[in-house]
Amino acid sequence: MDNVLKGSLYTVIAAVIWGLTPIIEKAAMGYVNPVVLGAWRYFLSGIMIFVYLRTKKIGMDVDKVVGKRLFFASILGSALLPAFFYMGLFLTDPITASSVSNIGVVWVALFGLIFLKEKIKVDEFIGTMLVLAGVFVMLNKIGFDASIGALMLAGASVFGAITAVIERKSLRSTNTWVVALYDRLVGGSISMIVSLFLFGAGAVVLSSQAWYYLLFLAFFGSMIPALLFLHGLSLIEAERSVAIISTAPLFTVLFTALFTNSPVTQGQFIGAVLIAGGVLVLSVSKKLFVAMKYYVSVVVNREMSGIRRMKSVFLDIQNWAKAR
1 MDNVLKGSLY TVIAAVIWGL TPIIEKAAMG YVNPVVLGAW RYFLSGIMIF
51 VYLRTKKIGM DVDKVVGKRL FFASILGSAL LPAFFYMGLF LTDPITASSV
101 SNIGVVWVAL FGLIFLKEKI KVDEFIGTML VLAGVFVMLN KIGFDASIGA
151 LMLAGASVFG AITAVIERKS LRSTNTWVVA LYDRLVGGSI SMIVSLFLFG
201 AGAVVLSSQA WYYLLFLAFF GSMIPALLFL HGLSLIEAER SVAIISTAPL
251 FTVLFTALFT NSPVTQGQFI GAVLIAGGVL VLSVSKKLFV AMKYYVSVVV
301 NREMSGIRRM KSVFLDIQNW AKAR
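The sequence shown: position 107 = 107 (our numbering), numbered continuously.
Because the hints were derived from the structure by calculation, they are not lab data. Think of the CB as a built atom: it goes at the ideal place given N, C-alpha and C, for glycine as much as any other residue. Treat the hints loosely; a few may be bogus.
[Said to hold, decoys possible] In the DSS-like style, the derived pairs of lysine-lysine whose C-alpha atoms are separated by at most 27 Å in a straight line are:
1) K68 <-> K169
2) K169 <-> K26
3) K121 <-> K26
4) K68 <-> K57
5) K169 <-> K56
6) K6 <-> K56
7) K56 <-> K68
8) K64 <-> K169
9) K57 <-> K169
10) K121 <-> K169
[Stated by the list, open to error] Label-pair distances were calculated between CB atoms; the ranges are:
11) R172 <-> K121: 15 to 23 Å
12) L151 <-> F199: 33 to 41 Å
13) S173 <-> I114: 19 to 27 Å
14) V65 <-> N3: 22 to 30 Å
15) A201 <-> F269: 41 to 49 Å
16) F216 <-> L258: 15 to 23 Å
17) L254 <-> G30: 16 to 24 Å
18) V194 <-> A133: 30 to 38 Å
Put together the whole structure using the sequences plus the hints.
So, in structure tokens, the structure goes:
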């Protein structure tokens, strides 16, 4: 399995998990404040990663330049992003939250072009446009509160895009687990401090049901998909990685239909199809074009070979006629 396919597979699995988590997170908000939920989720997943690194005796040291870069990324990706995302989810619904928060593919393409010198290819541009079209179809006819929530989710997508570019650059010289540790533990710690300042004991004294949700989301909804995403990000380009993550709304629609009583609207279905089409272009178009080019070249060569043979036979007949 080549690196592009392996990286895409890791990222798709992360997208499936992240497609399911908004539904669980929305349910968890019945027991815990949205800001506190984000803080605890990231903080707990960071603790889990720290324990794993200590158990496996994996070094956690980074040089000063990478450390500063990861610290900045953790503020954006694990402090500001969850705060904006969870408030947006609180004001909207899981499908809207999953959709709008994933428009970061455009920002990643832009930041990747500027900071990482990555070239935007034609197939990636087409795929990106399809993904965005799907997201905007899903957002048709939403109310005022949902509009405010959508703006907050869009802000979260910007933070996520910048974080993806910074972390991709850091992954070139730093272990994936260490990057995940900085991302989750540092950002989660900052979020916890803010939560304690805002809500006091309310950020710590939670019901048993809330703790069940938090532990599940920290491990399954945060630690596992984050590591899968970072592994994928180390193998494929930043805009392609986040473009694949943009399939999360498709899985959110699917899981909403399967596990909840909420109906899936026509706009949500069409948006999901557009997103799936965009991801299909982003994921396989390059290989498809290469395969088509190879097939055409084989056909052309075969036909040209036949024409050359026919020409040779014709010349032989012509020479034979002249000799007679």
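For each hint, the structure was consulted:
no., hint, verdict
1, K68 <-> K169, "holds (13 Å)"
2, K169 <-> K26, "violated (33 Å)"
3, K121 <-> K26, "violated (37 Å)"
4, K68 <-> K57, "holds (23 Å)"
5, K169 <-> K56, "holds (25 Å)"
6, K6 <-> K56, "holds (24 Å)"
7, K56 <-> K68, "holds (25 Å)"
8, K64 <-> K169, "holds (14 Å)"
9, K57 <-> K169, "holds (24 Å)"
10, K121 <-> K169, "holds (20 Å)"
11, R172 <-> K121: 15 to 23 Å, "holds (21 Å)"
12, L151 <-> F199: 33 to 41 Å, "violated (23 Å)"
13, S173 <-> I114: 19 to 27 Å, "holds (20 Å)"
14, V65 <-> N3: 22 to 30 Å, "holds (26 Å)"
15, A201 <-> F269: 41 to 49 Å, "holds (44 Å)"
16, F216 <-> L258: 15 to 23 Å, "holds (18 Å)"
17, L254 <-> G30: 16 to 24 Å, "holds (23 Å)"
18, V194 <-> A133: 30 to 38 Å, "holds (36 Å)"
Checked against the numbered hints given earlier, the structure breaks hints 2, 3, 12 and satisfies all the rest.
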